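*Asks:* Listed here are the chains, written in short residue letters.
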Amino acid sequence: MTISMPGTEPVLSFTDLDVKFGTEFGTVHAVKGISIEVRPGEVLALVGESGSGKSVTSMTALGLLPKNARVTGTITVGDQVIGELDEKGLRTMRGNDVAMVFQEPMTALNPVLTIGTQLTEALELHGIAFGKDADARAVELLRMVGIPEPERRVKQYPHEMSGGQRQRVVIAMAISCNPKVIIADEPTTALDVTVQADILDLLRSLKDKLDTGILLITHNMGVVADMADRVAVMLKGEIVETGTADEVLTRPQHEYTRRLLGSVPHLGQGPGQFGTAPVDQEVLPEGEVPALEVNKLVVEYKRLGKAPFRAVDEVSFTVNAGEIVGLVGESGSGKSTIARCALGLIPAESGDVKIFGHSFDGMRGKDAKALRKRIGVVFQDPASSLNPRFPIGECIAEPLQVHQVGDRRSRDAKVLELLDAVELPRSALNRYPHELSGGQRQRVSIARALTLDPELLVADEPTSALDVSVQASVLAMFTALQERYRFGCIFVSHDLAVIDLLAHRVVVLQDGRVVEQGKREDVLLNPSEEYTKRLLAAAPVPEPAEQRRRRDARHELLAQLGDEIVELHVN
Amino acid sequence: MTDPNTPHRPEKVPTPAGGGINPETSMMEPATGTTTTTEQKSYSQNQLVLRRFLRHKGAMASMIVLVFVTILAISSIGVGPIPGWWDKDYTRAANVINGGSPTLSLFPFTLGEHPFGQDSTGKDYFALVMRGTQISLLIAFVVGLLSTVIGTIIGGLAGFYRGWVESVLMRLTDLVIVIPLLVLAAVLGKIAASWGVWGLALMLALVTWTGLARLVRGEVLSLREREFVASARAIGTGSRRIIFKHILPNTVGVIIVSATLSIASAILLETALSFLGFGVRPPDVSLGSLISQYQNAFTTRPWLFWWPGLFILAIALTVNFIGDGLRDAFDPRQNRNKD
Amino acid sequence: MTKFILRRMGISFLVLLGGSLLLFVLTINSGDPIEDLRESNADNRDYLIRQRTAYMGLDQPWYSRYWEWLTGAAKCVTLNCDLGTNRNGVEVTSLLGNAASSTLRLVVLATVLAIVIGITVGILTAIRQYSGFDYVVTFLAFLFFSLPVFWAAVLLKEYGAIRFNDWIVEPTFTPLQILVTAGLLGIAVQAVMGGDLKRRALTAGATLVFVGAVMYYFSAVEWFRRPAFGAVLILVVGVAAAVGITALLAGLKNRKVMWSALTTVGAGLAVYFAFLPVLREPTWLSLLAILALVVVLGAVSGWFWGGYSRRLAMGVSVAVGVVMAFLIVVDRAVAGWMGLLSLKSRPISTIGSQTPNFTGDFWESFLDKGVQIILPTIVLTLVSVASYTRYTRSSMLEVLEQDYVRTARSKGLSERVVIVKHAFRNALIPITTIVAFDFAGLIGGAIITEQVFGWKGMGELFQTGLKTVDPAPVMAFFLVTGTAAVLMNLAADLAYAGLDPRIRR
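Protein chains in written order, with the UniProt record's numbering: chain A, 1 to 571; chain B, 1 to 339; chain C, 1 to 505.
Okay, chain A solo, but in the shape it has when bound (with noise of 0.2 Å):
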């Protein structure tokens, strides 16, 4: 499956790879006889969704498996080979020839050193730099991955900067010894999409000036079509396409592969993909009560000995009846802590929340419920949203238990039908949710979230936690969902594609404010602030040849606003 390119000797290979763990429940194959090459200044992405084994495969470069896993096959990285090698001289190789780039920035450093030291630790341990040297050197780095004050930060640690900024810090160790490639596990997977955008620039630009191999590992398209020079795509331990990122990603050979693509939501292209209930525009009747309406809100928390933290700065914007309204920001938005609002479940500091023109504040513990009754709440975590204590049955029937809605016969007829909406087969009524896969309990969460017909709902980035192709049938399900029995909806996610193809109308959030608002087209086409540009601009699509030119848009963009386009500084 191999494609060679004479001339260039691959840094890193793989050979007919095989790894197989042995655990107290049997053998789990991971990896099933794979091969694949990166060459120098080249980006191989390895694609696949959770279960994979892509992630295995390349921690088998660095011999840094656990002790039950098994191992054969082939790796070599420049002309050593990886099995040949005893733990020194494995030691020498790590960091020396293949350098890792983790997907936590905020757990990849070790919070109790500086910067500087977990920076020099590696030049000393290799012999390039000593003292003194290594010192400047550390320093130098920092420069190079364009971090500014680079001398005052060496000597800060890890919890004083911001995850963009350890994710460069990480990427700083990675180049440090001058690695042959660098291993890139999901290095962008926990940052906000426009930091996303800017260490996405900072590796490109890092293979073009060091002739470094990426071998980059990632489920997300968008990226693959950003960085990727060729793509091999995995699926259960096996390679089952490669080729240049163009050809895989606009020709698809391989039905998996043309079906994970199909599952990306597409930015731009609004409602109606993979089967999504396509939007209807109607405007509601002047006068009737919005669902929700949020007035001038402000939440703030409390700190001790500091000043009240404000997550939530007089933001207002309304919900009809019917209506999905996306609240869309980066992390520390105060989009989550709205939704949290909405519900009543944390306090409001002033401005105020009404729901159906009712607002919890002062409200009695019986009216409260009866508005509890018409509201439904789905939240991301697909791992603690359910009571591990409840089978699936009695965590759907719940609500109806709560506010003594029918009788057991007709409650367990609701379970059945929601079950059969949600499309979860019906014999899931007496599993547990640890039971289930994630997309499973996700299904099993908006199952519960309807079982009263609620009026509003709050999602509160219900599939960000899920792989592509089982978040596509999630929203599918959703707006399928939402056609049917037509609740107003705030859907909070940080995703922007997703926002693109369900939402109606739009709330843009930065630092607990409102950037912008509008009607979905308005806003995600014809954006008029700064904000909602850098971030539509910092969102990659699946397709190389468009996300190129959006690339060279966004570099304009931020030419224009003055902004310096991230890239390594070589002198």
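Keep in mind the hints are simulated off the structure, nothing from the lab.
This one's a predicted model, so the numbers in the text were calculated from it and none came from an experiment.
Here a beta-carbon is modelled for each residue, glycine too, at the ideal position from N, C-alpha and C.
There's no promise every hint is true.
As the list claims (entries may be wrong) - If the Cβ cut is set under 8 Å, some of the chain C residues that face chain A in the computed set are:
(1) TYR404
(2) GLY412
(3) ARG425
(4) PRO501
To be verified - Pairs of lysine-lysine residues, derived as BS3-like cross-links and limited to a Cα-Cα distance of at most 27 Å, are as follows:
(5) A:LYS88 x C:LYS253
(6) C:LYS198 x A:LYS88
(7) A:LYS236 x A:LYS209
(8) C:LYS253 x A:LYS155
(9) C:LYS3 x A:LYS88
(10) C:LYS421 x A:LYS67
(11) C:LYS369 x C:LYS344
(12) A:LYS306 x C:LYS3
(13) A:LYS132 x C:LYS198
(14) A:LYS155 x C:LYS198
(15) C:LYS456 x C:LYS467
(16) A:LYS236 x A:LYS296
(17) C:LYS253 x C:LYS344
(18) A:LYS366 x B:LYS245
(19) C:LYS75 x C:LYS3
(20) A:LYS67 x B:LYS57
(21) A:LYS369 x B:LYS245
(22) C:LYS256 x A:LYS132
(23) A:LYS132 x C:LYS421
(24) A:LYS155 x C:LYS421
(25) A:LYS373 x B:LYS245
(26) C:LYS256 x A:LYS302
(27) C:LYS256 x A:LYS155
(28) A:LYS67 x A:LYS20
(29) A:LYS67 x C:LYS198
(30) A:LYS20 x A:LYS236
(31) A:LYS533 x A:LYS519
(32) C:LYS421 x A:LYS88
Please arrange chains B and C on chain A, whose structure you already have, making use of the hints.
*Replies:* Chains B and C only, in chain A's frame:
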């Protein structure tokens, strides 16, 4: 404050030190998410815990030993008016035979006249040790149970209601903690001197709940932030239902494990107090008071010292191992990847 | 940060105040303080009752008795404590002084030992998770948790003191004893060191031969009656420690640190010879000054050798300096052993913290107190070691699973650096809390140990106080444990801030 919107996390590669890797989700999760679970048996959390516990060899062996010791203690000399199969009384003095040496023999197994020997006044030491075991076990279990109830209530209330309730209850906990456990127990034990065994157990329960209260509070605080509790609250679920249906059942693991371990520490505390003379008083005996009474007989009649000590050790050790087995069975870390 | 610590201190102080009130009220209600006099047939019974009533203030209401105690205790701030009188009219303040010094000596020693042993063993078991060594340590930890302390103490008294005293008359080992001990140690060492089968066999064999030879030699020369240490052994052990500590903390490649550590060993020996006359008959002050000098010389050597890695070199050299100071003390103590044996043919007595009316020189009375503290310390240490081992193990295992440890490994760092530099400091953070929490509890636990070993410490003060319903000694006990608790919490907060930059402000 950042939004809890960590986007998509793909599979977690176990670190080298991490050991096992879970096949059910991290490797095998059906990519489409719509695949149905096939006709396998469905297990609730409790059933899973029970299965794991039953497979824990150390805990099961300990369970057998503990049950054996308990049955032995109860059946041999009987309880209250009900007589047991052992014919000698722990209060009656008799002639000292052969210097009071134990007559127990293992090969061939015979109990003899006085299997654990006799004390200096000729009392049958087997009957005495059995009585001591009864009392010590009784106190340990009552203390374990009571302190668990107190700790759960106080910790649960503090964690659930927050605010001033939490401040008051946690300062109360600090107050009890700031006095060393043995000191407070000794003072209360002295106060309860005339109240008999049950009074002593009550007093010990009043000083041993603090650890659990802190633990339960922490657990409740973290459960409160879990999305299923927020979701239950958002649909209008009342406090009572949230506490009893959503929060308490999910703290059961912590509570059971801690209750077990508190039984082990209760038996050590009671015997220590009795040893010091602030616990069980004559005419009643506990394993601790037996050791206290006969500690100077070590060189002349070592069996008077060995038997009660070995029984305390056996009980505490088995209970601790059972607790460990339960902790392994409940341990969320084993389900970390399963989430 | 300062604000945070002050706030916490304030809360601790209030809690302490509440605790004192609670304990006072409970104590005075725990019985009848003049019960024994009421039943007595003495002629001056009424006079005795009146006298005791006056001493204890029994004619006053409980709150004014408490207030009186509190105001007296408050004077401790000006180092002018007045803790009242016990029921016989003796000043509790003076009683407390002696009692606290012997108890704190015991508890501090036990805590330090427990921390060092517990954390070391905990880390080793975490590194060798699921090995035979891990299982054995786990089992022992459970055993120590479950051990009735008083029972273990009596056992230790029998085997550690009485049987040892019998043995020291003619301190030889039988070949069987040598073989079994050396064999067991061989098995233990190879389990800790690990490696493949060949390496393990080699380790076990080498240990067996070495221990066997040493034991045979000691037995042959009756070393335990006529021990000798001497400059040569100080040098050998010192160099081994220097190399070992350097290898652990800096790696042997770092020559500057290595030279600095070795220089410290040399400096230590030089100090030893220079001050040998003083060391033969020192005072506490001169001894401490000499030991401090060794440590300071270590720091100085680190400063001069260190160059770029100055801080590291200084740290390593100070550690080596402490080891050298310890070796000097060991050398002198060993030299005094024969003297002790001639004064006291059964060296470890089962009762008391020191031999009454002992007339030895400095080192002999040092040894006298030293051997007396061994057994209670072992008892007290066992339980803490067990819990610290378990905590360290689980904390370490958790840290070793963190992403930054994976990052460190992916840079190519060796396991030594990953564990010492990246994992250990993070693992220590939760342990500081446990240790601080444990300290006051240990003073409480010392009550039993003191009782078994017949120490006249605070445990005795508390017990007699409680038995006679006499609040003053009980409250004095509480004052010490309470203050210790507050101070240890403060220490833990400071340690926390030192270890974790995230909470420094």
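*Asks:* Now tell me, hint by hint, if it's right for this structure.
*Replies:* Consistency of the hints with the structure:
no. : hint                : in the structure
1   : TYR404              : holds, 4 Å
2   : GLY412              : holds, 4 Å
3   : ARG425              : holds, 5 Å
4   : PRO501              : holds, 4 Å
5   : A:LYS88 x C:LYS253  : holds, 15 Å
6   : C:LYS198 x A:LYS88  : holds, 19 Å
7   : A:LYS236 x A:LYS209 : violated, 35 Å
8   : C:LYS253 x A:LYS155 : holds, 25 Å
9   : C:LYS3 x A:LYS88    : violated, 49 Å
10  : C:LYS421 x A:LYS67  : holds, 23 Å
11  : C:LYS369 x C:LYS344 : holds, 12 Å
12  : A:LYS306 x C:LYS3   : holds, 12 Å
13  : A:LYS132 x C:LYS198 : violated, 43 Å
14  : A:LYS155 x C:LYS198 : violated, 46 Å
15  : C:LYS456 x C:LYS467 : holds, 16 Å
16  : A:LYS236 x A:LYS296 : violated, 50 Å
17  : C:LYS253 x C:LYS344 : violated, 50 Å
18  : A:LYS366 x B:LYS245 : holds, 20 Å
19  : C:LYS75 x C:LYS3    : holds, 26 Å
20  : A:LYS67 x B:LYS57   : holds, 24 Å
21  : A:LYS369 x B:LYS245 : holds, 18 Å
22  : C:LYS256 x A:LYS132 : holds, 15 Å
23  : A:LYS132 x C:LYS421 : holds, 20 Å
24  : A:LYS155 x C:LYS421 : holds, 17 Å
25  : A:LYS373 x B:LYS245 : holds, 19 Å
26  : C:LYS256 x A:LYS302 : violated, 50 Å
27  : C:LYS256 x A:LYS155 : holds, 24 Å
28  : A:LYS67 x A:LYS20   : holds, 11 Å
29  : A:LYS67 x C:LYS198  : holds, 20 Å
30  : A:LYS20 x A:LYS236  : holds, 12 Å
31  : A:LYS533 x A:LYS519 : holds, 15 Å
32  : C:LYS421 x A:LYS88  : holds, 19 Å
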